[in-house]
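Q: Listed below are the residues making up each chain.
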Amino acid sequence: MSGRTGLLVRLKRSAPFALDVAFEAPAGAVTALFGPSGSGKTTVLRAIAGLQAVDAAEVSCDGATWQSTTQRIELPAHRRPVGFVFQDYGLFPHLTVRQQLELPMGHRPADARRARVTELLAVTRLQELADRRPAALSGGQQQRVAIARALARDPAVLLLDEPFAAVDWALRESLRHELISLQRRLALTVVLVTHDFDDVTKLASHLVVLDRGEVRAAGTIEELTARNAIEGIGERHDPGVALDGQVIGQLPERQLTVVGADAMQFEIPAIAAAVGAAVRIRLAARDVILARHRPEGLSLHNVLEARVLAVQPAPNEALRMVHLQAGTCRVLSLVTADAVRSLGLAPGVPVLALVKAVAVEAFA
Amino acid sequence: MDWTALALSLRLGVVTVALLLPAAFLLARWLAYGRFRGRGFVEALVALPLVLPPTVVGFYLLVAFGQGSWLGVAAASLLGHPLVFSFEGLVLASLLVNLPFAVQPMQNALAAIPPSIRDAARCCGLSPASTVRRIELPLALPGIATAAVLTFAHTLGEFGVVLMVGGSIPGETRTMAIAIYDRVQAFDEPAAAAMASLLLVVAVAALGITNTLARRAARRE
Chain A
1 MSGRTGLLVR
11 LKRSAPFALD
21 VAFEAPAGAV
31 TALFGPSGSG
41 KTTVLRAIAG
51 LQAVDAAEVS
61 CDGATWQSTT
71 QRIELPAHRR
81 PVGFVFQDYG
91 LFPHLTVRQQ
101 LELPMGHRPA
111 DARRARVTEL
121 LAVTRLQELA
131 DRRPAALSGG
141 QQQRVAIARA
151 LARDPAVLLL
161 DEPFAAVDWA
171 LRESLRHELI
181 SLQRRLALTV
191 VLVTHDFDDV
201 TKLASHLVVL
211 DRGEVRAAGT
221 IEELTARNAI
231 EGIGERHDPG
241 VALDGQVIGQ
251 LPERQLTVVG
261 ADAMQFEIPA
271 IAAAVGAAVR
281 IRLAARDVIL
291 ARHRPEGLSL
301 HNVLEARVLA
311 VQPAPNEALR
321 MVHLQAGTCR
331 VLSLVTADAV
341 RSLGLAPGVP
351 VLALVKAVAV
361 EAFA
Chain B
365 MDWTALALSL
375 RLGVVTVALL
385 LPAAFLLARW
395 LAYGRFRGRG
405 FVEALVALPL
415 VLPPTVVGFY
425 LLVAFGQGSW
435 LGVAAASLLG
445 HPLVFSFEGL
455 VLASLLVNLP
465 FAVQPMQNAL
475 AAIPPSIRDA
485 ARCCGLSPAS
495 TVRRIELPLA
505 LPGIATAAVL
515 TFAHTLGEFG
525 VVLMVGGSIP
535 GETRTMAIAI
545 YDRVQAFDEP
555 AAAAMASLLL
565 VVAVAALGIT
575 NTLARRAARR
585 E
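If you're matching them up, the sequences are chains A and B in order. Start counting the first sequence at 1; every next residue gets the next number (the numbering used here). Start counting the second sequence at 365; every next residue gets the next number (the numbering used here).
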């Protein structure tokens, strides 16, 4: 996998609504395009795939130029190695699952296709359904077929348009797990369009916030979620840092799992994940309690040593957002203005950040 | 029973379907997916034979095929005989008159394919030609079959236009519908009844086939 530099996108359009965006999606990582409906995120995704014309575009992936208005290059959609998972999946109603997967394999010799189909069916757990048509599949199964078909192209980048919008909440969580484990296993470069911030904190390592056709914020999840508020998202998002960690131990007798993120360790209610498995954790700012002294006799598992970086206003006047440095990580804590006064919180002050085990949201 | 007329009708039907369907598919695809000004005008033009009285259509074709028009002159020099009152003239008239019967079912079938399916085909690496062959044609198949059945049945039954453009030359332009009229004029009611009942069977069968195909298409949704 040498030469994987990821996806570089720069798009401009003036009508029917203005669009002016530039961002990078690093190779082997999940980049979320987040924004309200009408922000232009689906248009961006379609333009990357070559399905949507724009006034000016520079799109390149892993060093190959797909579109360049300045160099007068424009690959048609069928020449771009993208896997596109449509919101309604866009499965071919007249083809069986197996046939859907064979169709995008035009770039492979005919005798190599069958083995690859078998492989993809196994990866997406579709073996039993190989001879069914889409109408005979459930919503979750249809999504798996759509992802398998997108992978059948051997895409340089996987483009997902609101992949969980069509499924109910319970199924959504298990589909997220499947997607992220597939992404990690195959080191896929993914661009995910969503208006659900849960998708962002659970799946993405990079975030691009779009609003009215413009990039309002872009960066890594850790960086952006450690901010007081993310530009373009406003109050619709519950502040809290998202951190990448891994399982460093299981404590079956105590029904706990130990997760390490940077220098910090968290004890959380047991999750089914092997030691070494990657875990995304989120600490909601409202769940982080601050103390000047180590408390005793509390039902508390996680005490982090930290230092106050800044005390900033919160949308609610009676509250303050305290930014903390814990090791090399940033943590947010939402406390009352009264607590800031009584604890004497100010930049440089050492504090203990207390987090209940159940308040650590973990996604493995 | 006028077997020559029956053979001629069948030949006209088969030739019309064979020539019209490919051209009408391209036109239907253009109308279903193309974005251009004046689409409504083109659609109205295609539908014109549905609303114009056959004798009016026949009259204009007669004028257009005649020796007074460039088309008539060019066709006559190519064929070695005038276009009017010939089988070739009948075929040409039949193609034009059947345009709405061939185009509309296929246009509806193509327009009913969700845009994401055609986008997905492109993202699967299918060229536009492969997309037509492997996605659009199979999905529009019920519409294509309906177009073929309607065109064939309508060709068998067309009377006014045939009479105006072709007259009633046995083996050349005397189709079943014309033959029935001839038999009635000659008070040969049994022969007219036999031929009429045959056309009735064909018409019922055509409707049966199109309904079955429409139901099958609906089931696959």
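I should point out that these hints are in silico values taken from the structure, not numbers from a laboratory. Where is the CB? At the ideal position from N, CA and C, for every residue including glycine. There could be a bad hint or two in this list.
[Stated by the list, open to error] In silico negatives: residues of chain A with every beta carbon more than 12 Å from chain B:
1) Gly3
2) Thr70
3) Pro93
4) Met105
5) Glu173
6) Val247
7) Gly276
[To be verified] Listed below are several chain B residues computed to face chain A (Cβ distance under 10 Å; list not exhaustive):
8) Gly402
9) Arg403
10) Leu456
11) Arg482
12) Asp483
13) Cys487
14) Ser491
15) Ile499
16) Ile573
17) Thr574
Q: Please go over all the hints and tell whether each is borne out by the structure.
A: Against the structure, the hints come out as follows:
1. Separation of Gly3 of chain A from chain B is adequate, the least Cβ-Cβ distance of about 21 Å exceeding the 12 Å criterion.
2. The beta carbon of Thr70 of chain A sits about 24 Å from the closest Cβ of chain B, which is more than 12 Å, so the claim that it is off the interface holds.
3. Pro93 of chain A, annotated as away from the interface, has a beta carbon of chain B within 12 Å; the closest lies near 6 Å.
4. The claim that Met105 of chain A lies off the interface is violated: its Cβ sits roughly 8 Å from the closest Cβ of chain B, which falls inside the 12 Å cut-off.
5. Against the 12 Å criterion, Glu173 of chain A stays outside the reach of chain B, whose nearest CB is about 25 Å from its own CB.
6. Against chain B, the non-interface label of Val247 of chain A holds: every CB pair exceeds 12 Å, the least being about 36 Å.
7. Annotated as non-interface, Gly276 of chain A keeps its C-beta farther than 12 Å from every C-beta of chain B; the closest such distance is 35 Å.
8. Below 10 Å, beta-carbon pairs count as interface contacts, and Gly402 of chain B has none with chain A, the closest being about 21 Å; its hint is therefore violated.
9. At about 19 Å, the closest approach between the beta carbon of Arg403 of chain B and any beta carbon in chain A exceeds 10 Å, and the interface hint on this residue is violated.
10. Interface restraint check for Leu456 of chain B: the shortest CB-CB distance to chain A comes to about 35 Å, outside 10 Å, so the restraint is violated.
11. With a least beta-carbon distance of about 8 Å to chain A, the hint placing Arg482 of chain B at the interface is held under the 10 Å criterion.
12. Evaluation of the Asp483 of chain B hint against chain A yields a held restraint, the C-beta minimum of about 5 Å falling below 10 Å.
13. At a threshold of 10 Å, the smallest CB-CB gap from Cys487 of chain B to chain A is about 4 Å, leaving the interface hint in force.
14. Because the closest C-beta pair between Ser491 of chain B and chain A is about 6 Å apart, less than 10 Å, the hint holds.
15. Evaluation of the Ile499 of chain B hint against chain A yields a held restraint, the C-beta minimum of about 6 Å falling below 10 Å.
16. Checking Ile573 of chain B against chain A: minimum C-beta separation of about 20 Å lies over 10 Å; hint violated.
17. Contact between Thr574 of chain B and chain A, as hinted, is not supported at the beta carbon level, the nearest pair being about 20 Å apart and thus beyond 10 Å.
Of the hints listed earlier, those the structure fails to meet are numbers 3, 4, 8, 9, 10, 16 and 17, in rising order.
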